[in-house]
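Could you build the full structure based on these sequences and the hints that come with them?
Here is how the chains run, residue by residue.
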Amino acid sequence: MRKRVVCAPLAVLAMALLAGMAVASTPSVTITSPKVGQSVSLRKTPVLGIAGTAAFATPAATNTKYYLRRDGCGTSNDNPHLSVTSGTDAGDGCGLTFAIVGVGSEVDHGAYVDYPASDGLPLTIDSSRNITGVIDLEGIQSASAGLVTVDLTLEGLENGSGVTVGTDSVQVLMVPGQTSYPVSFSFQPNGSVDKNDLAGIDLRIYIHGPYINSGFIANSGASWITLPTWSASFAQSVQVSLDDPSFANPIAATLDPSGWTAAVRTPAIGTHTLYARSIQGFDVSSVASSTFKVTR
Amino acid sequence: MTKRMRITTAVTTLALLLVAGAGSASGSATVHHPLYMPDVQHVGSPALQPPPICCIPNPGVATGLPAPGNMAYFGGHVQVAPKIYLVFWGWGEPGAFDHSTPGMPSYDPDGAAARMTAFVRALGGTTWAGVQTQYYMTNANGTNTYIGNPPNQLGGVWYDNTTPIHDNLSGLELAQEADRARAHFGVTDLANSQFIIAQPQKYNEAGFNSGAGYCAWHDYTLPSTYPGVTPGISFTNMPYVLNMGSSCGQNSVNSGYYTGRLDGFTIVLGHEIEETVTDPGAEDVVNGTYYGGWYDLQGWENGDKCAWVGYTGGATSPSSVPGGLGTMTGNDGKSYPVQSLWSNNSAAGTGYCAGAGTNLPVTG
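Same order as they appear, the protein sequences are chains A and B. Just so it is clear: in the first sequence, position 118 is 118 by this note's numbering, and no numbers are missing. Just so it is clear: in the second sequence, position 105 is 105 by this note's numbering, and no numbers are missing.
Treat the hints as calculated values from the structure; they're not laboratory data. Treat each hint with caution, since some may be false.
[Claimed, not checked] Covered stretches of chain B (in silico footprint by chain A; criterion: 3 or more residues with CB under 8 Å from a CB of chain A, positions within the stretch not fixed):
#, region
1, 147–156
2, 351–360
[As the list claims (entries may be wrong)] Anything over 12 Å on all C-beta distances counts as not near chain A; from chain B, calculated:
#, residue
3, H33
4, T126
5, T138
6, N161
7, T162
8, G207
9, L222
10, G232
11, T327
Note that the structure is predicted; figures quoted are calculated from it, not measured. All C-beta atoms, glycine included, are put in the ideal place defined by N, C-alpha and C.
What follows is the structure in structure tokens.
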């Protein structure tokens with residue numbers, strides 16, 4: 001029994017690592033100066049130097065694998081989405097259905113499907129490596145014939161705005177008698193999003209071209225996309241606040257290899273509290289505080 | 001007298017004749033309902049048509065096309081120095097949203113409040129808002145005062161998390177919230193002020209929730225319609241339009257999932273704001289008194305006449321159609337999706353939709 005208790009967290013950690021999820025390590029911070037209870041002379045120290053230590057998770061190259069999932073077929077909320085977990089999808093076998101069109105013509109159906117991520121966020125993109133994956137087109141009627149184009153657009157949500165992470169276009173020739181077409185793709189993310197923190201990810205799939213009869217994008221683990229990511233954010237900072245634990249007007253500290261430093265005008269005579277917190281991406285540390293006294 | 005002036009004068013004269021006729025015909029009757037902005041699927045819905053002006057049947061209008069015919073002045077006031085007050089009612093209250101977004105505040109996980117605030121802050125002095133400056137109100141001494149386009153039209157922002165909110169709000173409750181906002185901001189110049197009652201994802205106005213087919217509406221408080229509420233308040237019912245997806249503008253200008261996700265907020269909000277500027281009295285008629293400002297003989301205001309022009313469900317870009325949905329370059333240099341506004345001066349005085357960067361080649 002005891003052995004099981006010890007092993008369970010390790011198993012969870014191992015599964016998370018296998019799935020390519022970022023194992024977030026909460027940043028931390030301390031205040032080393034002024035020390036708790038320290039007296040500071042206002043006359044001798046008009047500007048108060050403050051310092052401390054901060055620890056951040058080291059970003060390591062990893063991957064985040066998303067599966068294309070669909071909760072229903074023809075319901076009011078079929079909810080096509082990306083998830084870092086796979087399973088049997090109730091909407092598998094449904095979804096994008098190709099219209100019947102004539103061979104040899106290019107028809108723009110204007111039909112695309114968005115798969116926004118429902119978990120595995122936020123992400124820090126590594127644009128030095130390729131995005132890879134498979135869009136599995138299944139249930140293609142055996143009489144189908146023609147060139148099909150699968151357009152992929154990956155968009156991210158950065159600071160509340162949409163940014164294009166990357167695009168790709170893959171062609172597949174459908175031949176009579178074949179009903180299954182796993183379409184592989186590989187493309188490099190835009191350099192503009194390298195090491196940026198994304199709060200959302202959406203994969204838009206648009207299938208078009210001259211083909212006949214119908215098919216769908218398979219779910220239940222058959223279609224997926226792997227993003228090259230970092231395990232932690234490169235955006236690291238320390239904020240300081242004097243007598244205000246809400247950090248309404250934070251002061252940015254300067255980071256250096258040994259910790260952080262900042263300077264504030266020494267406050268009025270009396271007892272004051274200095275607050276500090278470290279931030280890595282969207283993760284915020286516990287707040288450290290140090291109460292000190294200002295004397296004449 | 002130019003051709004344009006002759007046309008404007010003729011239309012105005014006709015309107016005044018109709019007003020006089022309607023006034024005597026209606027006697028003491030009160031003509032009122034909020035002025036809806038139909039969603040994309042309900043542009044021609046009879047239930048969402050403006051109240052009749054007099055005796056001309058409303059022919060409706062097809063989706064994607066402007067409603068032809070110039071607007072006329074009906075005698076009420078206009079907002080010559082607009083001040084727009086944003087009220088985010090209940091956005092920070094429990095249950096207001098069913099999701100969170102990393103890096104975004106819990107009271108605004110989609111960034112809708114931030115987008116609307118930035119939009120209102122940026123619209124002053126723009127070409128888009130400048131369409132309004134051709135319209136005026138006639139004073140008691142017979143002179144006209146034209147609508148201005150000052151650079152700062154944002155009166156204030158209030159996150160009201162004190163007054164409990166709930167789902168399926170009534171129009172009266174929205175008017176009462178507008179009245180609380182009036183008190184909160186200490187507004188005394190009601191004639192130039194308008195209050196946007198913006199609702200969070202999970203708590204919206206009943207008609208919007210029911211699928212009545214509109215994205216928003218604006219109205220004017222009178223004792224006969226909003227009893228107990230301070231009279232003379234112009235306010236907008238601004239639901240969380242993202243709940244209606246593309247029906248209320250999502251991705252109607254920008255195609256990206258995230259890039260176009262909030263398109264509807266500025267399109268719909270801009271529609272209501274500028275209708276309120278030119279028609280703050282919301283076409284109300286009480287005891288023969290016309291509170292309405294500018295609208296056409298079908299009751300269409302400057303936003304209605306250009307709503308969803310060019311929209312084809314994503315098949316083609318609405319910006320490729322004259323008067324179609326487009327963007328406003330704000331005074332902050334950023335682009336905001338908007339619909340165009342009816343301009344009597346466009347097309348050499350014939351009138352057309354303008355201001356969204358999709359003008360006809362001939363503009364007034």
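Now for the hints, and whether the structure bears them out:
1. 147–156: This one is violated; 0 residues, fewer than the three required, reach chain A with a Cβ under 8 Å.
2. 351–360: violated (count 0)
3. H33: Consistent with the label, B:H33 stays out of reach of chain A, its closest Cβ about 29 Å off (over 12 Å).
4. T126: Holds, because the least Cβ-Cβ distance between B:T126 and chain A comes to about 20 Å, which exceeds 12 Å.
5. T138: Since the minimum Cβ distance to chain A is about 44 Å, B:T138 lies beyond 12 Å and the statement holds.
6. N161: 16 Å, holds
7. T162: Non-interface label on B:T162 holds, nearest chain A Cβ at 19 Å vs cutoff 12 Å.
8. G207: Since the minimum Cβ distance to chain A is about 20 Å, B:G207 lies beyond 12 Å and the statement holds.
9. L222: 39 Å, holds
10. G232: B:G232 clear of chain A: closest Cβ-Cβ about 36 Å, beyond 12 Å.
11. T327: With a cut-off of 12 Å, B:T327 remains clear of chain A, as the shortest Cβ separation is near 14 Å.
In summary, the structure is inconsistent with hints 1 and 2 from the numbered list given earlier, while agreeing with the others.
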